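A.B. asks: Construct the complete structure from the given sequences, taking the supplied hints into account.
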Amino acid sequence: MVIAQQPENKSQQPRTVAELVEEIQLLTTEIQDLYCLDEIPWVVGYSGGKDSSCVLQLVWNAIAQLPPEKRTKTIHVITTDTLVENPYVSVWVRNSLKQMKLAAQQQKLPFEPHLLQPEPKETFWVGLIGKGYPAPKPKFRWCTERLKINPSNRFIRNVIRSCGEAILVLGTRKAESTKRAYRMKQWESKRVRDRLSPNMNLPNSLVYSPVEDWRNDEVWLYLMQWENPWGYSNKDLFSMYRGASADNECPLVVDTSTPSCGSSRFGCWVCTLVSEDKSLTAMIQNDEEKEWLQPLLDFRQELDAPINRERRDFRRRNGDVQLYERNLNEEISVEPIPGPYIKEAREYWLRKLLTIQQQLRRTAPENMRDITLITSEEMSEIRRIWLEERHEFDDSLPRIYKEVTGEEFQDPRPGADYSLLGSDEWAVLEEICADDAMHLELMAKLLDTERQFRKRARRVGIYDALEKCFETSSRSREEAIDIAHMKRDLKTAITQGDVEKVKQLTLGDVTTTHEITNVTDELIENPTENPSTTKSVAKSKTWANMKFQKKDSE
Numbered sequence: 001m002v003i004a005q006q007p008e009n010k011s012q013q014p015r016t017v018a019e020l021v022e023e024i025q026l027l028t029t030e031i032q033d034l035y036c037l038d039e040i041p042w043v044v045g046y047s048g049g050k051d052s053s054c055v056l057q058l059v060w061n062a063i064a065q066l067p068p069e070k071r072t073k074t075i076h077v078i079t080t081d082t083l084v085e086n087p088y089v090s091v092w093v094r095n096s097l098k099q100m101k102l103a104a105q106q107q108k109l110p111f112e113p114h115l116l117q118p119e120p121k122e123t124f125w126v127g128l129i130g131k132g133y134p135a136p137k138p139k140f141r142w143c144t145e146r147l148k149i150n151p152s153n154r155f156i157r158n159v160i161r162s163c164g165e166a167i168l169v170l171g172t173r174k175a176e177s178t179k180r181a182y183r184m185k186q187w188e189s190k191r192v193r194d195r196l197s198p199n200m201n202l203p204n205s206l207v208y209s210p211v212e213d214w215r216n217d218e219v220w221l222y223l224m225q226w227e228n229p230w231g232y233s234n235k236d237l238f239s240m241y242r243g244a245s246a247d248n249e250c251p252l253v254v255d256t257s258t259p260s261c262g263s264s265r266f267g268c269w270v271c272t273l274v275s276e277d278k279s280l281t282a283m284i285q286n287d288e289e290k291e292w293l294q295p296l297l298d299f300r301q302e303l304d305a306p307i308n309r310e311r312r313d314f315r316r317r318n319g320d321v322q323l324y325e326r327n328l329n330e331e332i333s334v335e336p337i338p339g340p341y342i343k344e345a346r347e348y349w350l351r352k353l354l355t356i357q358q359q360l361r362r363t364a365p366e367n368m369r370d371i372t373l374i375t376s377e378e379m380s381e382i383r384r385i386w387l388e389e390r391h392e393f394d395d396s397l398p399r400i401y402k403e404v405t406g407e408e409f410q411d412p413r414p415g416a417d418y419s420l421l422g423s424d425e426w427a428v429l430e431e432i433c434a435d436d437a438m439h440l441e442l443m444a445k446l447l448d449t450e451r452q453f454r455k456r457a458r459r460v461g462i463y464d465a466l467e468k469c470f471e472t473s474s475r476s477r478e479e480a481i482d483i484a485h486m487k488r489d490l491k492t493a494i495t496q497g498d499v500e501k502v503k504q505l506t507l508g509d510v511t512t513t514h515e516i517t518n519v520t521d522e523l524i525e526n527p528t529e530n531p532s533t534t535k536s537v538a539k540s541k542t543w544a545n546m547k548f549q550k551k552d553s554e
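Counted the way the numbering used here counts, the sequence shown spans residues 1 to 554.
If you're looking for bench data, these hints aren't it; they were derived computationally from the structure. Fair warning: this is a prediction, and the values are worked out from it, not measured in the lab. Where hints are given, some of them may not hold.
[To be verified] Distance condition first, Cα-Cα at most 30 Å in a straight line; then the derived DSS-like pairs of lysine-lysine: (1) Lys468 x Lys131; (2) Lys148 x Lys98; (3) Lys121 x Lys139; (4) Lys235 x Lys290.
[To be verified] Here are the simulated distance ranges between beta carbons: (5) Glu22 x Leu116: 30 to 40 Å; (6) Gln294 x Lys501: 21 to 31 Å; (7) Glu302 x Leu26: 49 to 59 Å; (8) Ser162 x Asp435: 56 to 66 Å; (9) Glu289 x Glu22: 40 to 50 Å; (10) Phe470 x Glu289: 35 to 45 Å.
Ideal Cβ placement from N, Cα and C applies to all residues, glycine included.
C.D. replies: Right, dumping it as structure tokens:
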């Protein structure tokens, strides 16, 4: 069976082994010269994959050949753990960093490995379970910046802040993809020297890409024929890639004409930006000992299921109802844009995730039975969001945790267990509101808002906060959607200059609401403005203003 190869740069001609050896010798000299040129610290991006391993190995070998008195500049090796990595890759990288640290100390080399993680408020589960974000899609790719870019950028900014500048060493290659080749070609026009480009995202930093013109087979040849200098096994890395290939085959790399198995890619096991997690699927298919990972694959597939509108709010997170045109059975239907996951759905995802974590801890190999899918810090932040931002004071997270694990949830946040409102008060509200979900939501928001302001010395802003509760939760689903349609029709009528339609809409039953009246006045005066900008006008008649109308007039 032919192995699918990554797109190669067609302009590249395959090099012989002798030519590759000569290239490595030239790169070694180049790395040494660049390292000794100034005091600018280096930051090597290391993911544990073949390309970053290749670059780090090149840099390590080059620096090791320098006299000890010249190895004075720190080389930071950074790895970003998104906390949702493929479990085997995560263990591989963590062990590699530990071995790297020991080897650097023994060899007296200036390498300092760092394991970076996203802040608790930016992790995947806090976004999905805490805030209710739907699983990432190409049009709503909320995960990449939070999980990968921000942690590494924070570290690099700190280095720049301390030293003024930094050089970022990456294993990016033009052969990875056409898009990557095009982007690197753009960088070349702004280069300060060969393979050294300005970093477009971080001022005062440069990007050094020593293997940018290497092919996949050349990367593997170097890793297989040159020993790993920090004592880790490149052959094990090769085996991991082979296990993640669909046919479980990777040819033995003996020269540059041999096709490689570089098409395997390891990413987050929850990733829904791709149609299928091919590497995790292949791992399970190729090795019976990895079948314990199947629940992760099933969970990811459920996350990637078509939109289940019953699990999604009809409003956005800010409480607004926004409409869009949907092609339904070849007819255009104007419907609300599905918002975040509702309370029941978020609780469902948490319960399922904890259940899978418990299952994996029973079925995983002995050396991986401490696997953690969601940390206590993440659950603490999820709990805070549910309590303080969503006003869900029934505090269901500790209860769910105990029901699944049999243990009490130990919240690392000081004072997290103290609250005036709890599950008993929530049960009373549920009984009072019966099946009226919006009434329950409004009462919970009003009570909890009062509780939050109760502890403050000055209760400035309480009326605005209470007003916001009414704006977002005082109408039924049908009423809120009808008003959203009214706004849409009103804007269209004013834009088209249809006076009769405007009169018809503004003199209807919905004119009892201040919101529509104020939106109308604003749109007539500024027909090019977006209705969302009329919120400031709508605030002219708020609960607080009406309550203190006499005082304000004086």
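A.B. asks: For every hint, state whether the structure bears it out.
C.D. replies: Hints and how they fare:
{"no.": "1", "hint": "Lys468 x Lys131", "in the structure": "holds, 18 Å"}
{"no.": "2", "hint": "Lys148 x Lys98", "in the structure": "holds, 21 Å"}
{"no.": "3", "hint": "Lys121 x Lys139", "in the structure": "holds, 22 Å"}
{"no.": "4", "hint": "Lys235 x Lys290", "in the structure": "holds, 19 Å"}
{"no.": "5", "hint": "Glu22 x Leu116: 30 to 40 Å", "in the structure": "holds, 36 Å"}
{"no.": "6", "hint": "Gln294 x Lys501: 21 to 31 Å", "in the structure": "violated, 57 Å"}
{"no.": "7", "hint": "Glu302 x Leu26: 49 to 59 Å", "in the structure": "holds, 51 Å"}
{"no.": "8", "hint": "Ser162 x Asp435: 56 to 66 Å", "in the structure": "holds, 59 Å"}
{"no.": "9", "hint": "Glu289 x Glu22: 40 to 50 Å", "in the structure": "holds, 42 Å"}
{"no.": "10", "hint": "Phe470 x Glu289: 35 to 45 Å", "in the structure": "violated, 57 Å"}
Taken one by one, the earlier hints fail for this structure at numbers 6, 10, listed in ascending order.
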